[in-house]
Amino acid sequence: AQSVTQLGSHVSVSEGALVLLRCNYSSSVPPYLFWYVQYPNQGLQLLLKYTTGATLVKGINGFEAEFKKSETSFHLTKPSAHMSDAAEYFCAVSFSGGYNKLIFGAGTRLAVHP
Amino acid sequence: DSGVTQTPKHLITATGQRVTLRCSPRSGDLSVYWYQQSLDQGLQFLIQYYNGEERAKGNILERFSAQQFPDLHSELNLSSLELGDSALYFCASSVGGTGDWNEKLFFGSGTQLSVL
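Taken in sequence, the protein lines are chains A and B. Read in order, the letters of the first sequence are residues 1 to 114 in my numbering. Read in order, the letters of the second sequence are residues 1 to 116 in my numbering.
By construction, these hints were calculated from the structure, which means they are not laboratory data. Since this is a predicted model, take the numbers as computed values, not measurements. For glycine and all other residues, C-beta sits at the position ideal for the given N, C-alpha and C. Keep in mind that a hint or two might mislead.
Said to hold, decoys possible - According to the in silico footprint, chain B covers these stretches of chain A (three or more CB under 8 Å from chain B):
#1 19 to 30
#2 37 to 51
#3 102 to 112
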């Protein structure tokens with residue numbers, strides 16, 4: 001069955017440290033891949049997406065992700081964490097067109113410490 | 001601000017009751033999507049409407065129904081509520097809804113439903 005897994009429900013980093021949030025999918029066909037961020041009391045906001053083209057995708061707020069087909073992964077990184085990055089992050093995949101086909105991961109809550 | 005408005009922000013009700021959640025999409029967006037976010041099930045797609053017509057159904061229970069009105073606002077009706085229906089219900093909107101990934105999906109801030 002097609003699925004998406006986020007490794008680690010909670011990740012804690014120090015301000016200025018590297019942020020790495022992991023996302024793996026399970027499918028025999030390459031999917032469309034998304035990362036969303038959810039700040040407290042807000043809806044989800046798109047950070048970045050991979051649909052076609054370059055496998056290294058740059059998003060908002062200094063985040064980027066790389067689609068690695070051989071590893072079935074789409075990990076999210078940011079070189080230097082900021083306090084304002086504290087939020088919940090969702091990886092999502094779709095194996096066909098349309099947002100009604102999005103499958104969300106369970107989410108990773110990122111905490112950033114001074 | 002995403003431009004998607006959901007009301008109410010919080011709703012507390014009892015088991016067996018019926019509630020209606022309301023969503024106004026961004027100006028110009030024709031598609032409305034409803035999602036449920038719960039602790040045990042995560043974030044799941046419920047249903048999509050496009051320009052007043054049902055476009056797609058996801059994991060929506062038979063006790064739940066939705067509609068989109070001519071002014072494009074949408075309502076999600078939840079009936080015979082159970083404790084397990086307690087969740088955060090999101091509405092999102094997009095311009096089209098035909099599967100074009102160049103479109104963006106904009107989320108409202110959600111309605112927190114608590115069933116006691």
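* Numbers of the earlier hints that this structure fails to satisfy, in rising order -> Result: hint 1 breaks, nothing else.
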